[in-house]
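6 protein chains.
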Amino acid sequence: MSLTHTDQNGHAHMVDVSAKTDSARVARASGRVRAAPATLALICDNGLKKGDVLAVARIAAIQAAKKCWELIPLCHQIPLSGVTVEFELDHDNGTIHIQAQCKTTAPTGVEMEALTAVSVAGLTLYDMCKAVDRGMSIDTVRLETKSGGAGGDWHRGAQA
Amino acid sequence: MSLTHTDQNGHAHMVDVSAKTDSARVARASGRVRAAPATLALICDNGLKKGDVLAVARIAAIQAAKKCWELIPLCHQIPLSGVTVEFELDHDNGTIHIQAQCKTTAPTGVEMEALTAVSVAGLTLYDMCKAVDRGMSIDTVRLETKSGGAGGDWHRGAQA
Amino acid sequence: MSLTHTDQNGHAHMVDVSAKTDSARVARASGRVRAAPATLALICDNGLKKGDVLAVARIAAIQAAKKCWELIPLCHQIPLSGVTVEFELDHDNGTIHIQAQCKTTAPTGVEMEALTAVSVAGLTLYDMCKAVDRGMSIDTVRLETKSGGAGGDWHRGAQA
Amino acid sequence: MSLTHTDQNGHAHMVDVSAKTDSARVARASGRVRAAPATLALICDNGLKKGDVLAVARIAAIQAAKKCWELIPLCHQIPLSGVTVEFELDHDNGTIHIQAQCKTTAPTGVEMEALTAVSVAGLTLYDMCKAVDRGMSIDTVRLETKSGGAGGDWHRGAQA
Amino acid sequence: MSLTHTDQNGHAHMVDVSAKTDSARVARASGRVRAAPATLALICDNGLKKGDVLAVARIAAIQAAKKCWELIPLCHQIPLSGVTVEFELDHDNGTIHIQAQCKTTAPTGVEMEALTAVSVAGLTLYDMCKAVDRGMSIDTVRLETKSGGAGGDWHRGAQA
Amino acid sequence: MSLTHTDQNGHAHMVDVSAKTDSARVARASGRVRAAPATLALICDNGLKKGDVLAVARIAAIQAAKKCWELIPLCHQIPLSGVTVEFELDHDNGTIHIQAQCKTTAPTGVEMEALTAVSVAGLTLYDMCKAVDRGMSIDTVRLETKSGGAGGDWHRGAQA
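Chains as they are written, first to last, in this note's numbering: chain A, 64 to 223; chain B, 64 to 223; chain C, 64 to 223; chain D, 64 to 223; chain E, 64 to 223; chain F, 64 to 223.
No lab work stands behind these hints, which were simulated from the structure alone.
Misleading hints may appear alongside valid ones.
[As the list claims (entries may be wrong)] Just a few of them, taken from the derived set where beta-carbon distance is under 10 Å, the chain A residues facing chain C:
| id | residue |
| --- | --- |
| 1 | L111 |
| 2 | G114 |
| 3 | A118 |
| 4 | V119 |
| 5 | I122 |
| 6 | Q126 |
| 7 | R205 |
C-beta atoms are modelled at their ideal positions from N, C-alpha and C, and glycine is treated no differently.
Please take these sequences and the hints and turn them into a complete structure.
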């Protein structure tokens, strides 16, 4: 087993995928923002009056997915064919759950695009709430499922 | 208490900081990547042979700090006067600790820049190791300290 | 009278503002999107159910203001200290009025940032509605007022 | 009839085009900049001495077409296979006519790319002439024709 | 013989490649940085202690290859399927040799991507060493070979 | 003597300039493109008919100067207060001379911005002429002079 993104000397390269053919691919990632109850209440209130808070985070996430190749140095430029981002407020546990799904038809997968969308959604929520709650944290950003491509499908629960 | 990044109608805006003066500011953020022991061993081996893995993540983090205003929709464009990014491999707990520190002299702070650097460092490590370990997660991305500005200093431990 | 952005040979350059000092500046621009009544009704409905349509256009506008220097080749890189974007639906005349205001403290003005914000808000509205109304147009994108700087204030009505 | 870029809850998403196949597509958009006669004369003079003014606007427009996906939050990343931008000075009516045509082979169309090119050409002309004519406006930015794709062809005159 | 990137009036356009089909393409470019012996020694020392200098230049080069379409106004947006960047220190001649290879499957070639990678690698080396050696120069940035596409193969030695 | 852009472990960082004050700075860089006589003649002809070739390269150079911080990983974000780019065709020696000058008022210099402008001007000329002359090379990209800042002035001739 060895790292794919470095050569035998340990030097970084963009992995050659020229021999791979395009296939339909989907990846879904998730994460959560932990916040104080009062912060969650403010986000909820903003939503009740048709506010922009979750919309801003959703747009930031979609745009970040499209810019993944620019942020992550060795990522390929993948044309996304669809992105969705969902939020769920969990007042009991003081968390905002984030889910992002990305699709493409390409020679390589969109896991990084989905993970980037989740991370930037979390960062954007932090930004908009930081004046009232600097102690927030972004947690458990991880891949949930991926499908398509020669590597086959992967589901978090099924890995054991 | 109300959200600063939305107006009385809940609409997003870039907060007006034109009345604030420049001051020296520092922010430090941290996070961790949880990985399988074999993944940590590969990163460690890469380092032993002078490989690029941690260097790639460090560069990605520094560049992301500079692009924070582009990723986070309501962030101001802050000229950074210094960025450092450090990694620490903790084999016992299967984690890579990430720390980023950003400095500026500006009317508003650099918390988001430091948090963005940590997140993108984590995403870059995920990218380079994902072929061997899709189950990795990025955890506990949070602000550690900030200083400077009218808001005063903030330290994680001191908030209680 | 001659063009400031080209030299005596007609060649483009970024105008030298190194002798100018920072001053507080504000610019406000406006424009309108003309659409079919059914399109306006859909945007209105989306708003009633707390939808994202106007929020997406607002965020796109704010981000475009920050990227103005990248889009307009001879623009200076101006750090914005505040941006607001407002929409008003005028069902009688079948138009969406767009207003953007940008602020900075800089050696040169933010007219282009405000005009870029309005244009990109209009383009984003077109994008989201084009499947139902390809005939929409973006009209009367223009500066309303600017203040600050050696050039003094300017108001549209006062120019005659 | 409903908006395609928001889901049943009104939330924004990047529309899933993964089931669509690539096809050759063309879109042509137009717009005009209204300026004072003296401003048009200066642009004309610049052209007579082989100046850069229209060239700068043309280049800005081509580059903006390539960046459309970055400016318009829900746009797909479309690889353009050709872009042309034309200007026509109409001294009698005090306007500069702008036309842009974009081509691609992709699962979705290039209307937004053509409209963005026209808008940024107009903004760039405004920028270069603003010191002599702040009252300029950008008008009637609209789609003229599109062809290709499942949606079929569309021509402005034919919509009635 | 005429320039392909301008029309019969000399106006710039993005060349229409819509009639061309995708094919596998490779381009390799090279260049060199001339530096004082002491500068080369510092780079070498940095490498001996597993330093980041060459890694930073390599990452900058790979990222620049992906952004070529954004830097070079008339370049098409080409999705790269692989990039490698190599350095060789030549202490006798006081030069660092840079080689970059880019691959794609696209309707047009990747010569500009490879040349951009080499140039940005050189600029990045200059940046990191400029405090000790402002006299460095970047030389002989040129295409070595290209293959694929209707234009056929090209090798530097074979052109005479 | 040691490298400023890496710490004692050889790790890259963005150099901390927070203790430095703003000062007026200027840097001038140069380079040349070597081309076949027929290529130079085509560029010259394009100029005679008021063509865009040199204008495109000039605009690309100015925009690249503004994006230097994005291309060169450890560069600071410097707001440029003026950029000029000049070309001179030397038919006898088969070269196009490129000169770029950048100005700023900032805590650190603009050498990299000027060098990046020259490099991207050269790459853009290569791009527009490559269909007729793949053998072109970009040579002798180097700093000519810099002034301002604690480091003092530097002139190429004066370094011996």
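Checklist entry - Among all the numbered hints in the text so far, which are the ones the structure does not match? => result 7
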